[in-house]
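A.B. asks: Listed below, chain by chain, are the residues.
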Amino acid sequence: MRRLLVLVGIAMATALPLKAQEAVTDFVLGNGMQVVVVEDHRAPVVTHMVWYKAGSADEDPGVSGVAHFLEHLLFKGTDKLEPGEFSRVVSENGGRDNAFTSYDYTAYYQRVAADRLELMMQMESDRMVNLRLSEGDILTERDVIIEERNQRTENSAGALFREQRNAAQYLNHRYGVPIIGWRHEMETLDLQDALAYYEEFYAPNNAILIVAGDVDPENVKALAETYYGVIPPNPDLKERARPQEPPQTSARRMQFFDARVAQEYVTRSYLAPERDAGDQKEAAALTILAQVLGSGPNSVLAQKLQFGTQQAVYVSAFYSGVSLDDTTFNLVIVPSQGVTLEEAEAALDGAVAEFMQEGVDAEHLERIKMQLRAQQIYARDSSDSVGNRYGRALTSGLTIADIQAWPDLLQAVTEEDILAAADRVFEIDNSVTGWLMRPVTEAAEEGVSQ
Amino acid sequence: MIRYLLAAIVLMAALPARAEIEIKEIASPQGTKAWLVEEHSIPFVALNVWFRGGASLDLPGKRGATNLMVGLLEEGTGDMDAQDFAREAEELAAEFEYEAYDDVVAISARFLTENRDQAVDLLRKSVVEPRFDKISVDRVREQVLSIIRSDAKDPDKIASQTFDALAFAGHPYATSLNGNEESVAALTRDDIVKAHQNALALDNVYVSAVGDITAEELGDLIDRLLAGLPENSAPLPGDATYQLAGGETLVDFATPQSVAIFGHEGIKRDDPDFFAAYILNHILGGSGFESRLMNEVREKRGLTYGISSFLIAKDFGQLYLGSVASANDRINQATDVIRAEWTRMAEEGPTAEELERAKTYLTGAYPLRFDGNGPIANILVGMQMDDLPIDYVVTRNDKVNAVTLEDIRRVAKRILRPEDLHFVIVGQPEG
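Residue numbers (the working numbering), protein chains in the order written: chain Y, 1 to 450; chain H, 451 to 881.
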């Protein structure tokens, strides 16, 4: 019976040979800077991005937030550019620009008319090595990032809860420290901290140039050699070897109370392997597992807990394999009115245990694969998102070959792969369980926790 | 049988980027108009089917009915329940979105060329023949109630909902389109069915499509998709009267950073001064790092991470608003700076250099919006709802460039009214 379904699946897959056809070219400059060009000639627009293989997890202890702080300071000027001039020039050319910092990367981008690419390269290559900062810039901008922390984190119970959960998940790895930084360390960040990070990590041999849009790869290559190719590499650049997690041998649990919580919920995260260069099969199985379990109304958890027992208003499973070091596999359940967090957690565990017994519905698996194939077509509508995908992967230890092999690896995942990966990842000793709660008195007054 | 209403071929030639798109206005055999851009290089279509009215069509005492109805469209139709429907959409890899806004119910879809007909048939079942069975109504109602309770503890939501309540008392705009706990709890299946009849009809629909489809195919698709909808939607509400005077409203909320929404009445989309107002706002508090408010409040003083101002031109009321967030001990400083900048701009207007820079940015950035089937389809449906001509994309930059320093200074005096500025602050400001 199952064999037959699998055969049907294969027939469907063959009938729909949806291929990505991403027009991607890549090469490496003489100084070690990698370049990726994504062609999209539908509109005369280009996105120019530089990704550094350095994020908050590359910071030294004691200066959390400095990677992100430096990202702000890169808009403050160089020998050739006044503070704020970078963004003003982009804006005067009808473009927009910004930057973002994550655990494993820091990236800068501008979206402009395609004929302004050279100007962007000229300015971005300049600030790769010629940043000029004053003490005054530092102090005002430090106030700005503290307000950013207020806005993103301090003002949100959910964000504070997430920060504590990450800290509980990672005992030794810097993924346990927030990207924006711990407040008390942010308050003492100074010029030296920012410059030390800049000098260590901002160099062409630690950067990836991504150009996506209405461009010709040969032309991009010539411009890249002119502007980036002349910057000497940093000979002292070290291998990225951050402190790794020790084996986790005890389940960790936490309760987070905040009066601003409107909707209580339970999260569970398990330490999980990430996509590794040349070794992405486990990550592919986990990616599909997350879809099977917790994405959409036909996912296993939604079927059992939202539509079945109706103990949940919302359930989800998610996993992101793009990470330089160990990542997490996550489950969330938001209980229905009248269902306690304890009951919700038990229901979640029960549903996962049932799934391990029942296995994967072959038609469901085939639908997921069909959607993944279609995503490759839809993704071509945005060359930016293709560029972003390459940027994230290349700064997380993957190669171009790994990125291009990924769609086929997902298609090749079998039920056996999924269940075996689930069996390995759902190890309670490897987990953090969090309850986001209202303070007890308030909850009791409203009679929510029976 | 396709009738070309306008063989309008619009070549957008705006410097520095020269975007060329060909917008066709078509009418389906049954007479529904649509705007189309054919783009055959990727085998899919982005389709927008928007209905004017939206949550403003909620009947008295039934706040939240339109929103709940829209949330139920994909929860079962004909002999399919919610899971059956999702399963079929997954099989086709078609993506449907259903969203209620103040003035519109927006249905957006993208589907592959290879199974377009099946995708459209499925979409039709959800739009025209939803089931609204009790079990789905109750489940989605719980989701909406959960959102309402969350909003009640979210400082940003508290601020904007407070401002709306004070500005537009008595009009649907005064309250959240989600409804409140009481109104949503009381909604019946009949209310949902009524909301469906009121909001989705042939006389208030606007259609755009971009992608791998011809005019003739689109015409047929539209008729198949909309067959069975009522001819007429419910009458639209009257204008919302702006009722808020200058001042400050404080909402005590225990959180470290105060959130403020500030502003006063705005300007209509079809006002002859709209372009001048739009440029003026870009200079005062528009997006990006270049605005006066961003410069004065963030760059010079570090009082916030983000500040912006925006013109909101709804169908029945207009606001000129801004938002800012600063730590409780600094928010008063931030609001002082904002008041001063609002006043300075009203009195002096922008400089010639600021006006030139804004024009260069706005005209240069405009073609960059046309960067994908989805974004272009959104622009096309928005233009139709704003009653803009099909060649607007070509003339738009000329309208921006035509605004003179004299115009913009006059408009600054007209629409910026520092004495009417009202701040709603949520938090625990100190000092």
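Source of the hints: derived by calculation from the structure; they are not laboratory data. Careful, some of the hints might be misleading.
Said to hold, decoys possible - Here are a few chain H residues that face chain Y, going by a calculated C-beta distance under 7 Å:
no.	residue
1	Ala636
2	Glu740
3	Ala775
These numbers come from a predicted model, not from an experiment. Where is the CB? At the ideal position from N, CA and C, for every residue including glycine.
A.B. asks: Next, verify each hint and record whether it holds.
C.D. replies: Each hint, compared with the structure:
1. Taking 7 Å as the C-beta cut-off, the interface hint given for Ala636 (chain H) is violated, the closest approach to chain Y being about 16 Å.
2. With a cut of 7 Å, the hint placing Glu740 (chain H) at the interface with chain Y holds, because the nearest CB-to-CB distance is about 5 Å.
3. A least Cβ separation of about 5 Å between Ala775 (chain H) and chain Y falls short of the 7 Å threshold, and the interface hint therefore holds.
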